[in-house]
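Turn these sequences into a full structure, and let the hints steer you where they fit.
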Amino acid sequence: MRNRRAARHSGAASSDLKGIMGLPAAASGSTSCHVLAAAASGVTAFIRGAGADPDLVLGEAGFDPRDLEDPRATVPLARYVAMMERAAARSGDSHFGLRFGQQFQPEALGLIGELALAAPDVGTGLAAFARHFIQHQQNTETRLAREGRSLRLEYRIVDPRIWSRRQDAELTMGMFANLLRRALGGALEIEEVWFEHPAPEQAQAHAAAFGAPVFFAAPANAISFRAAGLERPMPARDPARFAALAEELRRIGGGGGPRDLLGAVTSEIRRKLPEGPAGIDRVAASLGLPRWTLQRRLAEHGLTYSDCIDQVRARLALMYLAEPHLSIATIAELLGYSEVSAFSRACRRLHGASPEAVRRKLGARAAPDSTTGRESPAHTA
Numbered sequence: 022m023r024n025r026r027a028a029r030h031s032g033a034a035s036s037d038l039k040g041i042m043g044l045p046a047a048a049s050g051s052t053s054c055h056v057l058a059a060a061a062s063g064v065t066a067f068i069r070g071a072g073a074d075p076d077l078v079l080g081e082a083g084f085d086p087r088d089l090e091d092p093r094a095t096v097p098l099a100r101y102v103a104m105m106e107r108a109a110a111r112s113g114d115s116h117f118g119l120r121f122g123q124q125f126q127p128e129a130l131g132l133i134g135e136l137a138l139a140a141p142d143v144g145t146g147l148a149a150f151a152r153h154f155i156q157h158q159q160n161t162e163t164r165l166a167r168e169g170r171s172l173r174l175e176y177r178i179v180d181p182r183i184w185s186r187r188q189d190a191e192l193t194m195g196m197f198a199n200l201l202r203r204a205l206g207g208a209l210e211i212e213e214v215w216f217e218h219p220a221p222e223q224a225q226a227h228a229a230a231f232g233a234p235v236f237f238a239a240p241a242n243a244i245s246f247r248a249a250g251l252e253r254p255m256p257a258r259d260p261a262r263f264a265a266l267a268e269e270l271r272r273i274g275g276g277g278g279p280r281d282l283l284g285a286v287t288s289e290i291r292r293k294l295p296e297g298p299a300g301i302d303r304v305a306a307s308l309g310l311p312r313w314t315l316q317r318r319l320a321e322h323g324l325t326y327s328d329c330i331d332q333v334r335a336r337l338a339l340m341y342l343a344e345p346h347l348s349i350a351t352i353a354e355l356l357g358y359s360e361v362s363a364f365s366r367a368c369r370r371l372h373g374a375s376p377e378a379v380r381r382k383l384g385a386r387a388a389p390d391s392t393t394g395r396e397s398p399a400h401t402a
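Position 278, counted from 1, in the sequence shown is what this note's numbering calls 299; the numbers after and before it change by one each time, with no gaps.
Some hints could be false.
Calculated lysine to aspartate or glutamate pairs in the DMTMM-like style (CA-CA distance at most 25 angstroms, straight line) [as the list claims (entries may be wrong)]:
#1 Lys293 with Glu252
#2 Lys293 with Asp281
#3 Lys382 with Glu212
#4 Lys293 with Asp259
#5 Lys293 with Glu321
#6 Lys293 with Glu162
#7 Lys382 with Glu344
#8 Lys293 with Glu222
#9 Lys293 with Asp114
#10 Lys293 with Glu210
Restraint ranges, calculated between C-beta atoms of paired labels, are given here [as the list claims (entries may be wrong)]:
#11 Gly297 with Asp74: 42 to 50 angstroms
#12 Ala249 with Val361: 41 to 49 angstroms
#13 Gly63 with Pro298: 36 to 44 angstroms
Hints listed in this document are in silico derivations from the structure and should not be mistaken for laboratory results.
Fair warning: this is a prediction, and the values are worked out from it, not measured in the lab.
Ideal placement from N, C-alpha and C gives every residue a C-beta, glycine not left out.
Following this line, the structure appears as structure tokens:
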């Protein structure tokens, strides 16, 4: 059953499948968005410590190890996210991102971490961190929101090309939690943590990591904490350095990265599906467009809104069916179908086979390598 509390929080297929209905070029985007390489600080040693070959993992993601040496260099976000997914697969540790994030200290984040720590007080530092994160990592939404006596630090990648991103979400929430711990010390009270991906196996590890209830299939990744102690000085407060770091982030990070209509529609549909049918009126309202304007602009790309829904569901279905612990009924609900039968019919239409048959084919693709005993490489971006 869908977690209602979380919902309130605001690789091609096998050749004999119909495959993923990929978005048109305008939606997939031709311009890469980036993240500062500081986000990968220590990852090579951590991959090795997890029992995998860092050179192999980085190579599968399209990196040379030298690409990550300068923390102020920019690297493609899609490759960074894929690297974390490959590290989890190659190490056989599905909680790789969770563990990497838990040990990741704010200083290692480079400019964005230093900025927060140099702020005059906790409240200013957290607000600046959320506001400038888009310069640290493009095509990302990060915001600090107040709800009564609590604050919520939210994070979500909105790049429509990046689909598999569980490891990134879990490591990023760990990074955020460590920033809060550094800023607030013993005064920190984490109330709840949300993740946009479905609940993984052994999800109790997440509650233990954060010391708080954890919810999945939420509209965004987020940490909710008690809004107390915001007037406390930041550990490395330095007003002059705080201003200089903000300027340097703007210079190096640039703007928010490419964002187009089809990418925005894809992102909003994906965000809303776990809450139920992602109707065009809800998505148009989120984008600040009248329904008819959205329909007209989609038509200019040769698409209907139903096409967009199909494309998102087709891609997510393959991701979810590759997870054996997710039941067909759970997947149907995550994709916004009211009944399993409706999902089954759609799967046959989109992929040419029943959900069970697609799952078997995906399982065969992900069989362990005979040489390593670990999952064979697969497209993860």
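| query | Which earlier hints turn out false for this structure, listed by number in ascending order? | reply | 1, 3, 4, 9, 10
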